[in-house]
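**Student:** So you can see what is in the structure, the chains are spelled out below.
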Amino acid sequence: MRLDIDDVTVEAAGTRLVEHIRLTVDDGAFVGLVGPNGSGKSTLLRSLYRALRPAGGTVRLDGEDLHAMEPRAAARVLAALPQESSAEFDFTVAEVVAMGRLPHRDRTAASDREICARAMERTGVHHLAGRGFLGLSGGEKQRVLLARALAQQPRVLVLDEPTNHLDIAHQLDVLSLVRAGGLTVLAALHDLNLAAAHCDVLYVIAGGRIVASGPPHDVLRPPLLAEVFGVRAHPVRHPGTGAVQLLFDLLPPTT
Amino acid sequence: MLPLSLALGLLLLLSLACGVGLGATGIGRADVLRFLWAGLTGATVHERDVAAYTIVWEIRLPRVLLGAVVGAGLAAVGVAVQAMVRNALADPFVLGVSSGAAVGANAVILLGAFAGLGVWALSASAFASALAAMALVYAVARSPRGLTPLRLILTGTALAYGFEAVTTVMVFGAARGEAARSAMMWLLGSLGGATWAQVPLAAVTVAAGWAWLRRRAEALNALAMGDETSAALGVRPASLRRELFLVTAAVTGTVVAVSGAIGFVGLMVPHVVRMLVGADHRRVLTVAPLAGALLLVWADVVSRLLFAPAELPVGVITAVVGVPAFLLLMRRGGYAFGGR
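Protein chains in written order, with the working numbering: chain A, 1 to 255; chain B, 256 to 595.
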């Protein structure tokens, strides 16, 4: 399913948080959104999973206006991994994952259980099913929430910092798992090397506007990184795979 | 799950029967059953039995039934409010309802307001002022982002202090000692004033509220995980919270109007039930009202018997029985409050 963000502007309390965003994720593509803290990544993603309503512009799924859809209908095609994961009550892992079935109609307890079991197996949390969600490590929580998003059986997945709290093996694991699912994915990522390695296309956002987009290695050029992130980047080749990796240090102070 | 609810349901029926059978006046089991049958079928009772019949049918039965209804309502609303404001410390009264209702009730008890409404004056005035208090909390807590949990709690708590001050001034200024005593009794909650006239309306309101909450149980699960999560799952947090506010206001207002502010049930029963069946609201909202009804029926029996013929406020009993039971369950471990 194709995701089109067309001229979207989001405001909160009178302030424009992101403006005139144009972004396209082709069917089955994995698109990364990178940008410094406070650049508007999360705001843009929130407007996709309907926690915020854009003040202007439209978001379309295969041409259909997302914000005109009935909320549950939208949740059946687009699932999200939001950054917040606070719970006041100690749901079990199985219960948290089962929440992913909420938007669906015509379901039975048996089919729900099977779909949830498969989702938990895919993210490797099946053995935690009976555990309390609050007692899990950050990485386990993240994989449980990903299982919930998969249990939603969406066609588009929106991920806000999906590798937060994950150790390096689980970071690679989660991203390749999402990749292998064949879903249309838009993910906000902090780690530029990780983003470069996993994304088909990268969008760079700064100050609430898209400032660059394209294949990762065309986008992540030292001049742009200096301007947007304020760092000096050194591309080096991975001695084993030959892939280009970026090394960073702070820009020398300008005089 | 089904066996547990069935068992609780049966236990509740049994407890209702015990509640009617037990009281300050000793009435034999056979007589109690005979009077109940007579009341149900409209059969006549012998002249010498009229006093005992009146106690069973006109005093105890409505009181026990109302206790069950109030207990169920408080427990169900407690669950809903805790999910709505996403706070384990919330109870049905955190939104200022009970202290609001107390203003209305005490205006009747102490100042003789709404005397024209006769026996309905107390309930009507309490209900009206409970709803007025909720409307005020709603109006103040509203923000462009809808009702946020923290604003709701803070507004409710702050306004509750205001309402309590008004009540205190009224009690303070009341010359009549007996009226102040009954105002006190009302603040602590009591089923002593139960009449048949109150049962149907309270029962229908609580049943309707319970049914609605039970239907929204899955949405409550999502809401308990956070506003963003519920939005991503297709549940609009702002409108769900608005609906919850209305339903809990109606149920709490009704319950408080007939029984005063009975504490503890709405705070602890939800937690005890979560310890037993887990946090999934589909199960919690099935079991908690039954458990709340059970607790209150028995607490009321004890409050009537302990110092018979004098009555303790039922809230004292719910606390005395409930607090140790709750602490024991909590210490047994495995139950996390918001990860703490």
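Everything labelled a hint here was simulated from the structure, so no lab data went into it.
Note that the Cβ used here is the ideal one computed from N, Cα and C, for glycine as well.
Hints are not guaranteed to be accurate.
[As the list claims (entries may be wrong)] For each label pair, taking beta carbons as the anchor points, the in silico distance ranges come out as:
hint: 1; chain 1: A; residue 1: LEU224; chain 2: B; residue 2: LEU584; range: 55 to 61 angstroms
hint: 2; chain 1: A; residue 1: HIS190; chain 2: B; residue 2: SER398; range: 50 to 56 angstroms
hint: 3; chain 1: B; residue 1: SER494; chain 2: A; residue 2: GLY130; range: 30 to 36 angstroms
hint: 4; chain 1: A; residue 1: ALA13; chain 2: B; residue 2: SER494; range: 18 to 24 angstroms
hint: 5; chain 1: B; residue 1: SER494; chain 2: A; residue 2: ASP27; range: 16 to 22 angstroms
hint: 6; chain 1: B; residue 1: ALA452; chain 2: A; residue 2: ALA73; range: 42 to 48 angstroms
hint: 7; chain 1: B; residue 1: VAL459; chain 2: A; residue 2: ILE168; range: 47 to 53 angstroms
hint: 8; chain 1: A; residue 1: ARG105; chain 2: B; residue 2: GLY281; range: 54 to 60 angstroms
hint: 9; chain 1: A; residue 1: ARG113; chain 2: B; residue 2: SER398; range: 52 to 58 angstroms
hint: 10; chain 1: B; residue 1: ALA452; chain 2: A; residue 2: THR15; range: 33 to 39 angstroms
hint: 11; chain 1: A; residue 1: GLY130; chain 2: B; residue 2: LEU288; range: 45 to 51 angstroms
hint: 12; chain 1: A; residue 1: GLY130; chain 2: B; residue 2: VAL424; range: 51 to 57 angstroms
hint: 13; chain 1: A; residue 1: ARG105; chain 2: B; residue 2: ARG469; range: 56 to 62 angstroms
**Student:** Against each hint, give a clear statement of whether it holds in the structure.
**Tutor:** Hint check results:
no.	hint	verdict
1	A:LEU224 with B:LEU584: 55 to 61 angstroms	holds, 58 angstroms
2	A:HIS190 with B:SER398: 50 to 56 angstroms	violated, 31 angstroms
3	B:SER494 with A:GLY130: 30 to 36 angstroms	holds, 33 angstroms
4	A:ALA13 with B:SER494: 18 to 24 angstroms	holds, 20 angstroms
5	B:SER494 with A:ASP27: 16 to 22 angstroms	violated, 32 angstroms
6	B:ALA452 with A:ALA73: 42 to 48 angstroms	holds, 47 angstroms
7	B:VAL459 with A:ILE168: 47 to 53 angstroms	violated, 60 angstroms
8	A:ARG105 with B:GLY281: 54 to 60 angstroms	holds, 57 angstroms
9	A:ARG113 with B:SER398: 52 to 58 angstroms	violated, 40 angstroms
10	B:ALA452 with A:THR15: 33 to 39 angstroms	violated, 56 angstroms
11	A:GLY130 with B:LEU288: 45 to 51 angstroms	holds, 46 angstroms
12	A:GLY130 with B:VAL424: 51 to 57 angstroms	holds, 54 angstroms
13	A:ARG105 with B:ARG469: 56 to 62 angstroms	violated, 18 angstroms
When the structure is compared with the earlier hints, violations turn up for hints 2, 5, 7, 9, 10 and 13 and for no others.
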